[in-house]
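Please model the entire structure based on the sequences and the hints provided.
Chains as they are written, first to last, in my numbering: chain A, 31 to 417; chain B, 107 to 418; chain C, 3 to 380.
None of these hints come from the bench; they were simulated from the model. Hints are not guaranteed to be accurate.
Said to hold, decoys possible - Pair ranges (Cβ atoms, derived):
| id | chain 1 | residue 1 | chain 2 | residue 2 | range |
| --- | --- | --- | --- | --- | --- |
| 1 | A | Ser405 | C | Leu370 | 49 to 55 angstroms |
| 2 | A | Lys358 | C | Lys224 | 31 to 37 angstroms |
| 3 | B | Gly413 | C | Arg373 | 51 to 57 angstroms |
| 4 | C | Lys287 | B | Tyr177 | 53 to 59 angstroms |
| 5 | C | Val27 | B | Arg132 | 39 to 45 angstroms |
| 6 | C | Asn100 | A | Lys413 | 48 to 54 angstroms |
| 7 | A | Leu303 | C | Phe155 | 40 to 46 angstroms |
| 8 | C | Gln163 | A | Pro111 | 26 to 32 angstroms |
| 9 | B | Gln393 | A | Ser258 | 50 to 56 angstroms |
| 10 | C | Ser366 | B | Arg132 | 20 to 26 angstroms |
| 11 | B | Pro272 | A | Ile40 | 35 to 41 angstroms |
| 12 | C | Val75 | A | Arg142 | 37 to 43 angstroms |
| 13 | A | Phe351 | C | Met322 | 27 to 33 angstroms |
Think of the CB as a built atom: it goes at the ideal place given N, C-alpha and C, for glycine as much as any other residue.
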Amino acid sequence: MPVFKLCFKILKKNMFLMTMYIVIFIVVSIIMAFASANEQKNLSSFTQEKRNIVFITEDSSPLVEGLKQELGKIANFVDIPDQTEALQDALYFRVVTYVLRIPRGFTEAFMRGEDVQVEKTVAPASYGNLYIDLTVDKYLNTARLYVNQLENLSLESLVERLRQDLSQSTVTELGRVHNNTGSNAYLKYYYNYLPYSLINILIFGMAELAIVFNNSDLRKRNACSPLSSKSMNLQYMLANVVFALLSWFITVAVCFALNFKKSLNMSTVYYMLNFFVFAICAATMSFMLGNLVNRGAITAVSNVVSLGLSFISGVFVPQEFIGSYVLKVASFTPTYWYVYTNDRIAELTQFDFEKFKYVLPGMLIQLCFALAFFSVAMVIAKKKRLS
Amino acid sequence: MIIKVKDLVKRYDDLVALDHLSLSVREGEIFGLLGPNGSGKTTAINCILSLLEYDKGEIEVFDKPMTPESYDIKRQIGIVMQNVAVYNELTVYENIDYFCGLYVQDKTLRKRYVDEAIEFVELGDYTKFYPKKLSGGLLRRLNIACGIAHKPKLIILDEPTVGVDPQSRNRILEGIVELNKQGVTIVYTSHYMEEVEQICTRIVIIDKGKAIAAGTKDELKKMISMGEKITVETYGISPEQLSTLKKLPNILSVQYNGNSRLLIIKSKEGENNLETVLDFIKREGIQYGKIYSELPTLNDVFLEITGKDLRD
Amino acid sequence: MFAHIFRYRLKCLLRDRETIFWTLVFPLILAVLFNMAFSNLNKVEGFSPIDIAVVDNRQYQEDQYFKMTLKEVSQGDDRLFNLVVVSEDEANKLLNENSIAGYIVVEDSVKLVVNQTGIEQSIIKSFLDNYIQTLSAVNSILTLNPAGGQELFNELGNRYQYIREVPIAKAEPNNILLYFYSLIAMACLYGSFFGMREINDTQPNITPLAARINTAPVHKLKLFIYSMSASILIHITEIFILLLFLRFVINVDFGTRTVYVILTAIVGSVVGNAFGAFISATVKKDENLKIGISICVSMVGSFLSGMMYQNMKYIVAKKMPLLSYLNPVNLLTDAFYCLYYYDSLEKYALNMSILLIFILAFCSGIYLMVRRRKYASI
Numbered sequence: 031m032p033v034f035k036l037c038f039k040i041l042k043k044n045m046f047l048m049t050m051y052i053v054i055f056i057v058v059s060i061i062m063a064f065a066s067a068n069e070q071k072n073l074s075s076f077t078q079e080k081r082n083i084v085f086i087t088e089d090s091s092p093l094v095e096g097l098k099q100e101l102g103k104i105a106n107f108v109d110i111p112d113q114t115e116a117l118q119d120a121l122y123f124r125v126v127t128y129v130l131r132i133p134r135g136f137t138e139a140f141m142r143g144e145d146v147q148v149e150k151t152v153a154p155a156s157y158g159n160l161y162i163d164l165t166v167d168k169y170l171n172t173a174r175l176y177v178n179q180l181e182n183l184s185l186e187s188l189v190e191r192l193r194q195d196l197s198q199s200t201v202t203e204l205g206r207v208h209n210n211t212g213s214n215a216y217l218k219y220y221y222n223y224l225p226y227s228l229i230n231i232l233i234f235g236m237a238e239l240a241i242v243f244n245n246s247d248l249r250k251r252n253a254c255s256p257l258s259s260k261s262m263n264l265q266y267m268l269a270n271v272v273f274a275l276l277s278w279f280i281t282v283a284v285c286f287a288l289n290f291k292k293s294l295n296m297s298t299v300y301y302m303l304n305f306f307v308f309a310i311c312a313a314t315m316s317f318m319l320g321n322l323v324n325r326g327a328i329t330a331v332s333n334v335v336s337l338g339l340s341f342i343s344g345v346f347v348p349q350e351f352i353g354s355y356v357l358k359v360a361s362f363t364p365t366y367w368y369v370y371t372n373d374r375i376a377e378l379t380q381f382d383f384e385k386f387k388y389v390l391p392g393m394l395i396q397l398c399f400a401l402a403f404f405s406v407a408m409v410i411a412k413k414k415r416l417s
Numbered sequence: 107m108i109i110k111v112k113d114l115v116k117r118y119d120d121l122v123a124l125d126h127l128s129l130s131v132r133e134g135e136i137f138g139l140l141g142p143n144g145s146g147k148t149t150a151i152n153c154i155l156s157l158l159e160y161d162k163g164e165i166e167v168f169d170k171p172m173t174p175e176s177y178d179i180k181r182q183i184g185i186v187m188q189n190v191a192v193y194n195e196l197t198v199y200e201n202i203d204y205f206c207g208l209y210v211q212d213k214t215l216r217k218r219y220v221d222e223a224i225e226f227v228e229l230g231d232y233t234k235f236y237p238k239k240l241s242g243g244l245l246r247r248l249n250i251a252c253g254i255a256h257k258p259k260l261i262i263l264d265e266p267t268v269g270v271d272p273q274s275r276n277r278i279l280e281g282i283v284e285l286n287k288q289g290v291t292i293v294y295t296s297h298y299m300e301e302v303e304q305i306c307t308r309i310v311i312i313d314k315g316k317a318i319a320a321g322t323k324d325e326l327k328k329m330i331s332m333g334e335k336i337t338v339e340t341y342g343i344s345p346e347q348l349s350t351l352k353k354l355p356n357i358l359s360v361q362y363n364g365n366s367r368l369l370i371i372k373s374k375e376g377e378n379n380l381e382t383v384l385d386f387i388k389r390e391g392i393q394y395g396k397i398y399s400e401l402p403t404l405n406d407v408f409l410e411i412t413g414k415d416l417r418d
Numbered sequence: 003m004f005a006h007i008f009r010y011r012l013k014c015l016l017r018d019r020e021t022i023f024w025t026l027v028f029p030l031i032l033a034v035l036f037n038m039a040f041s042n043l044n045k046v047e048g049f050s051p052i053d054i055a056v057v058d059n060r061q062y063q064e065d066q067y068f069k070m071t072l073k074e075v076s077q078g079d080d081r082l083f084n085l086v087v088v089s090e091d092e093a094n095k096l097l098n099e100n101s102i103a104g105y106i107v108v109e110d111s112v113k114l115v116v117n118q119t120g121i122e123q124s125i126i127k128s129f130l131d132n133y134i135q136t137l138s139a140v141n142s143i144l145t146l147n148p149a150g151g152q153e154l155f156n157e158l159g160n161r162y163q164y165i166r167e168v169p170i171a172k173a174e175p176n177n178i179l180l181y182f183y184s185l186i187a188m189a190c191l192y193g194s195f196f197g198m199r200e201i202n203d204t205q206p207n208i209t210p211l212a213a214r215i216n217t218a219p220v221h222k223l224k225l226f227i228y229s230m231s232a233s234i235l236i237h238i239t240e241i242f243i244l245l246l247f248l249r250f251v252i253n254v255d256f257g258t259r260t261v262y263v264i265l266t267a268i269v270g271s272v273v274g275n276a277f278g279a280f281i282s283a284t285v286k287k288d289e290n291l292k293i294g295i296s297i298c299v300s301m302v303g304s305f306l307s308g309m310m311y312q313n314m315k316y317i318v319a320k321k322m323p324l325l326s327y328l329n330p331v332n333l334l335t336d337a338f339y340c341l342y343y344y345d346s347l348e349k350y351a352l353n354m355s356i357l358l359i360f361i362l363a364f365c366s367g368i369y370l371m372v373r374r375r376k377y378a379s380i
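What follows is the structure in structure tokens.
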């Protein structure tokens, strides 16, 4: 199988670069997965991590103290001087994500029943801020009830009552089938970030091969050889497929290696299967692209394709945050369906065949894409051969 | 002395590419550097041009030591490299204009030079073409034009006729002679003996990084013992006849190739060698077809000195 | 000499249409895709109601207030929950099927049963907490002022907005902008391809063309700088086009300091070009390796400055602050953001100074390498 061996010699020649690529991209996936899983954990557990906030008050009263104590249950107070530069810096570097300021005369005005407000400045897209908002809101609104209904209520007794009221908490019970999202979150994120890495690796590898094989002089020389073009093409494609499989294997193996115990469950099998289907799809897409564009453009194309697809399909920004119109457009790309299927797998608590049919459609669609890319690639290859 | 090279040594790790090479080029001559592939011709040229680092030796051009910053020397040199060195994104005219512009700043003067160069290599019909569209011969002509447009005093051509059709090749050789007549010193490297024989006034034969012979054509040919080579097409000659033939006066060696049926006789220089051989053949009654006599070629010179053909 | 070399180099570069096309178009396409991906992020999206159930037991039926409160938040277009009232067994079944996020049981106190601890579950809990806390307050008030029942009840319906958001800087902090800024930074760093080509075309040990040029009476460094100017000009033009596209088509806000924005773009382009030339001059071996290194550095730089995963930026700033100052992609992204967000130019100046040091370092490296006059082998 001379053509097949040649392909691997070519890849081997670029082994250093290839390895560097693979390592970097996989490490990127791992870091993102870990960080996302951590963030998700903080975001959603009932015993969530305390946020860092700055509490500045120009007013001093038991009410303000009471608010501060209430906030102390869900946040850490960081001491930052009340200067614009310092605060800007703190927000910018996420030392704190929330700055609360109680203006002068707040308590007095509040007790008189006037419309007063506290001021907040936030670092955007930090979800924990919601809890802080809710807490402040709840405290002040509850206080308002007292103030408006009871005259002659002293500040101290108001604060004391508030403290008692707000110490109540709903009893929560975790049901029988307890799905620990924690460890699965890591898996979900790791597999979700892989398309970016895989597409880059595959386009790079296949472009290398395509460049050599599409060199017109070489093609002519090969065409004169006694090896049938069908056999040559088959071997060439086989080499591409093996390369794709190797990449798939390495990425999956790394996931196992890092998180062996947590990976030993059924959801891993589903993730691997979905990723395998995606790998086929990405392989055919890379094959098509490698044959389509020339050397200079290949970097730009691989960037646009991997990065662009990843952004609109929910790889970097979760699908739930992407606008529906965008998702519609993205549904014409295989990456979208891969992420969609992954999210479905993450939701599964049981893995019998009944549930499998939830994830099947996504995988089938990806295979359709694969078929389409493959056909296009064949047509192009034929055209090139005849030119 | 236009170029003076003394004891040049260049090593690539263990391989000695130039082994104490010495040569000199005088003003106004067409200097030929002849040697088989891999003998060090291009290496020597690159060293002379200060493109390549060398381990030992001295190089002087225009009586001044040659360094990469010798810009006044470089201004007077034109180079035509073995590989076609032109910009694929520029047309023929633009290529010549660009390279000439690195030497000649004056716009009007440059325009004249460029036009003259185009005329000289006869690329007038192709000025707007891009190099991709030119055939091998035309490309080589472009390569030459780029090297000579600025009217240098010394032109170095490194195997300029590789892959060129005979017509273009002849035109190139004629052109070089024409330039020389205008007073330009030429250094010409090649492994084609016929070209070197045709145009070079002085020749250095180089092999394995060493200069093994130097002189004019005639001087070189006189260096070897062979003065004449007689080839006889014959259908059979016995070994005894061969040894008798060898003992004839002036005969240096006798060789018979049964497959090609050629009897090759090498003799010293003399006036009646052919007559002697013919007499012998007639006396012995050896049947013969064609007979021809040649003067030694540079290949013979090379062969005798090194024991191998120039083409090896 | 400058005009001659510059003009011809410009011609050469511009005629390589394919490279120009791709280096220009690819950031534009990415900008469009980013915009699509983020178009929804900043909007406050009315999120879809959460599916819950409440167990239909005696305590639930008797607790009028709770029943009413629940009902109120479970109807209307902007309702919080989709509520079903079912038996306990049914509720369990629904929970295990994931048809509901959790269910409520009213016993001595209100209890919530869930299967996982996600956002939806947190919201339900918050709601319930709020309920019982308010209930406690109401009880407390009624004890002290029994007469105020009706008024109190009306009051409950009003929720007052006590928090007002104020900006603390020149502009609202906006994380989406960071994505676009890092896209610009990445595009600047892709200038390294131009820089790389410049060096390749002037080093005789790489192309015969360069060998010919090296025999000309032009100082190598001058040749390189004149030639490089053409590349930089083209690349800067591409970056400007990207900036204009971002500003006027995608409506990215750059703040008000336009001159500085342009200056940053120019410096960024020079950094990218110089970087590419530096790589090409120092890594002698083979073309693929050079391209690979430059791609990897751009990619890793973009990643560490938060392009793919935004928190990365802050993780690096917290754990390895030195790295964030050594990453040119990060420096450029931050420079743009500083112009947008901060009042003073102090941070901006810091970023720019480091970038200029980079340029100096690269140029020195190039000079040392190119200056080596002859080559060991061609």
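Verification of the hints:
1. A hinted range of 49 to 55 angstroms for the beta carbons of A/Ser405 and C/Leu370 is consistent with their spacing of about 53 angstroms.
2. In this structure the hint that A/Lys358 and C/Lys224 lie 31 to 37 angstroms apart at CB is violated, the actual value being about 56 angstroms.
3. As the Cβ distance of B/Gly413 to C/Arg373 is approximately 46 angstroms, the hint placing it in 51 to 57 angstroms is violated.
4. Between C/Lys287 and B/Tyr177 the C-beta distance comes to about 31 angstroms, which lies outside the given range of 53 to 59 angstroms.
5. For C/Val27 paired with B/Arg132, a C-beta distance near 59 angstroms fails the hint of 39 to 45 angstroms.
6. Checked against the hint of 48 to 54 angstroms, the pair C/Asn100 and A/Lys413 passes, with Cβ atoms roughly 50 angstroms apart.
7. Between A/Leu303 and C/Phe155 the Cβ separation comes to about 57 angstroms, which falls outside the hinted range of 40 to 46 angstroms.
8. A hinted range of 26 to 32 angstroms holds for the C-beta pair C/Gln163 and A/Pro111, which are about 29 angstroms apart.
9. Range check, B/Gln393 to A/Ser258: about 54 angstroms between beta-carbon atoms, so the 50 to 56 angstroms window is met.
10. Separation of C/Ser366 from B/Arg132 is about 45 angstroms and departs from the stated range, judged on CB atoms against 20 to 26 angstroms.
11. At about 39 angstroms, the beta-carbon gap between B/Pro272 and A/Ile40 stays in the expected band of 35 to 41 angstroms.
12. Separation of C/Val75 from A/Arg142 is about 31 angstroms and departs from the stated range, judged on CB atoms against 37 to 43 angstroms.
13. Our hint of 27 to 33 angstroms for A/Phe351 and C/Met322 holds, since their Cβ atoms are close to 28 angstroms apart.
Checked against the numbered hints given earlier, this structure breaks hints 2, 3, 4, 5, 7, 10, 12; the rest are met.
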